[in-house]
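Could you put together the complete structure from these sequences and hints?
What follows is each chain in one-letter form.
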Amino acid sequence: MKFNLFIGTAHEDEVTVYAKNHSRLVTEIQRLCEEDAIELIGTREYEKMQIVLSDTYCFTVEESRVYAITKSGKWQLKCRLYNLEESLPQSFVKINQSCIANIKMIHRFDTSLSGALAVRFKNGYCDYVSRRNLKTVKERLGL
Amino acid sequence: MKSYVKEFFKRGMAFGGFGPIIAGIVFFAVDCSLDNFSLSGGEVLTAIIFTYLLAFVQAGASVFNQIEHWPITKSLLFHFLTFYVAYIACYLANSWIPFDHTVVLIFTAIFAVGYFVIWFTVYFIARATGKKLNKAIKAGK
Numbered sequence: 001m002k003f004n005l006f007i008g009t010a011h012e013d014e015v016t017v018y019a020k021n022h023s024r025l026v027t028e029i030q031r032l033c034e035e036d037a038i039e040l041i042g043t044r045e046y047e048k049m050q051i052v053l054s055d056t057y058c059f060t061v062e063e064s065r066v067y068a069i070t071k072s073g074k075w076q077l078k079c080r081l082y083n084l085e086e087s088l089p090q091s092f093v094k095i096n097q098s099c100i101a102n103i104k105m106i107h108r109f110d111t112s113l114s115g116a117l118a119v120r121f122k123n124g125y126c127d128y129v130s131r132r133n134l135k136t137v138k139e140r141l142g143l
Numbered sequence: 001m002k003s004y005v006k007e008f009f010k011r012g013m014a015f016g017g018f019g020p021i022i023a024g025i026v027f028f029a030v031d032c033s034l035d036n037f038s039l040s041g042g043e044v045l046t047a048i049i050f051t052y053l054l055a056f057v058q059a060g061a062s063v064f065n066q067i068e069h070w071p072i073t074k075s076l077l078f079h080f081l082t083f084y085v086a087y088i089a090c091y092l093a094n095s096w097i098p099f100d101h102t103v104v105l106i107f108t109a110i111f112a113v114g115y116f117v118i119w120f121t122v123y124f125i126a127r128a129t130g131k132k133l134n135k136a137i138k139a140g141k
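For the record, the sequence lines run as chains D and H. Residue numbering for the first sequence follows our numbering, starting at 1 and increasing by one per position. Residue numbering for the second sequence follows our numbering, starting at 1 and increasing by one per position.
Just so you know, these hints were derived from the structure itself, not from any lab. There's no promise every hint is true.
What the hints assert, rightly or not - Simulated pairs of lysine to aspartate or glutamate, EDC-like, Cα-Cα distance not exceeding 20 Å:
| no. | chain 1 | residue 1 | chain 2 | residue 2 |
| --- | --- | --- | --- | --- |
| 1 | H | 10 | H | 100 |
| 2 | H | 132 | D | 139 |
| 3 | H | 2 | H | 68 |
| 4 | D | 135 | D | 110 |
| 5 | H | 131 | D | 13 |
| 6 | H | 10 | D | 63 |
| 7 | H | 132 | D | 13 |
| 8 | H | 6 | D | 127 |
| 9 | H | 138 | D | 28 |
| 10 | D | 74 | D | 85 |
| 11 | D | 2 | D | 13 |
| 12 | H | 6 | D | 110 |
| 13 | D | 48 | D | 28 |
| 14 | D | 122 | H | 68 |
Printed below as a string of structure tokens:
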């Protein structure tokens, strides 16, 4: 694939891809652009940090507060979960009413005794897939 | 552990109300099919209380399966026993089955078989789904 880069202030930041098919490279470029478009600031006590989506395991709600669980820990966000759901890229999927998971950060699915599916993330964090959201999760994983 | 107890009551309170509603529907169906069906005030009150408790326990007991540090057998045993105690108490208190050893034994056997058949079915369907999802995740890596 040819790559052209123009640095300057004459145009707005924009990425245009011409491709014969939707290859892995195209998907990756798309993902990077989508991630770049979302600016999330997480807070923790007196710290503030820009949330990097590719480092985020999931977004979760605890006691009405929205948190991002990332490689650098747990960060509180000011937005609502439903707003996040609308703006996040396709690699994120809502697994239950209070959790949006990063598919790329899922380690495996475990079956609980109740017949519910649990998502175990790469950092060991675990949450459940609700029956309501199972269909969407399957679709996102190409099933 | 405190959070699980809290979750038990939270789930119980959220779904407990469905018990008396279902009991009402069952009573309505029985009334439609029998000519001389009637309940006294006391019987109605007992049915409401016990079906509420039954639904409360049934909803709350789902939390046992989420206590990760419990082994599978312990979770399953607690889940089964909680269900069984709630059901047998409800059936006996409402006189839906007589207080007779043989009847209670038959009820227990049917309950245990029903419970484990349902459990195995649900568990293995979920496990199969889990395997498919895990394969999809591995394929995507």
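- [ ] For the pair we were handed, residue 138 of chain H and residue 28 of chain D, check the Cα-Cα distance against 20 Å.
- [x] holds (18 Å)
Open item on the list: Tell me if the straight-line CA distance from residue 6 of chain H to residue 127 of chain D falls inside 20 Å.
Closed with: Holds, at about 18 Å.
TODO: Please work out if residue 132 of chain H and residue 13 of chain D have their alpha carbons no farther apart than 20 Å.
DONE: With a Cα-Cα distance of about 40 Å, the restraint between residue 132 of chain H and residue 13 of chain D is violated, given a limit of 20 Å.
- [ ] Starting from residue 74 of chain D, check that the Cα of residue 85 of chain D is at most 20 Å away, please.
- [x] holds (18 Å)
Task: Given pair status - residue 68 of chain H, residue 2 of chain H, alpha carbons within 20 Å - done: holds (14 Å)
Open item on the list: Check whether the Cα positions of residue 48 of chain D and residue 28 of chain D lie no farther apart than 20 Å.
Closed with: With a Cα-Cα distance of about 28 Å, the restraint between residue 48 of chain D and residue 28 of chain D is violated, given a limit of 20 Å.
- [ ] Mind checking the alpha carbons of residue 135 of chain D and residue 110 of chain D for me, to see if they're no more than 20 Å apart?
- [x] Between residue 135 of chain D and residue 110 of chain D the Cα gap is close to 17 Å, so the pair holds against 20 Å.
Open item on the list: Run the distance test for residue 10 of chain H versus residue 63 of chain D: straight-line Cα separation, threshold 20 Å.
Closed with: Holds, because 14 Å separates the two Cα atoms, which is no more than 20 Å.
TODO: Below or equal to 20 Å on CA atoms is what counts here, so check residue 132 of chain H against residue 139 of chain D.
DONE: Judged against 20 Å, a Cα distance of about 12 Å means the pair holds.
Open item on the list: Just to be careful, I want the Cα atoms of residue 131 of chain H and residue 13 of chain D compared with a cutoff of 20 Å; is the pair within it?
Closed with: Roughly 42 Å separates the two Cα atoms, so the pair is violated.
Open item on the list: Holds or violated: residue 6 of chain H and residue 110 of chain D, Cα atoms, limit 20 Å.
Closed with: Not OK: residue 6 of chain H and residue 110 of chain D at ~24 Å, beyond 20 Å, violated.
- [ ] Could you grab the alpha-carbon distance between residue 2 of chain D and residue 13 of chain D and see if it respects the 20 Å cut-off?
- [x] Given that 20 Å is the threshold and the Cα spacing comes to 18 Å, the pair holds.
Consistency note: the structure conflicts with the earlier hints numbered 1, 5, 7, 12, 13.
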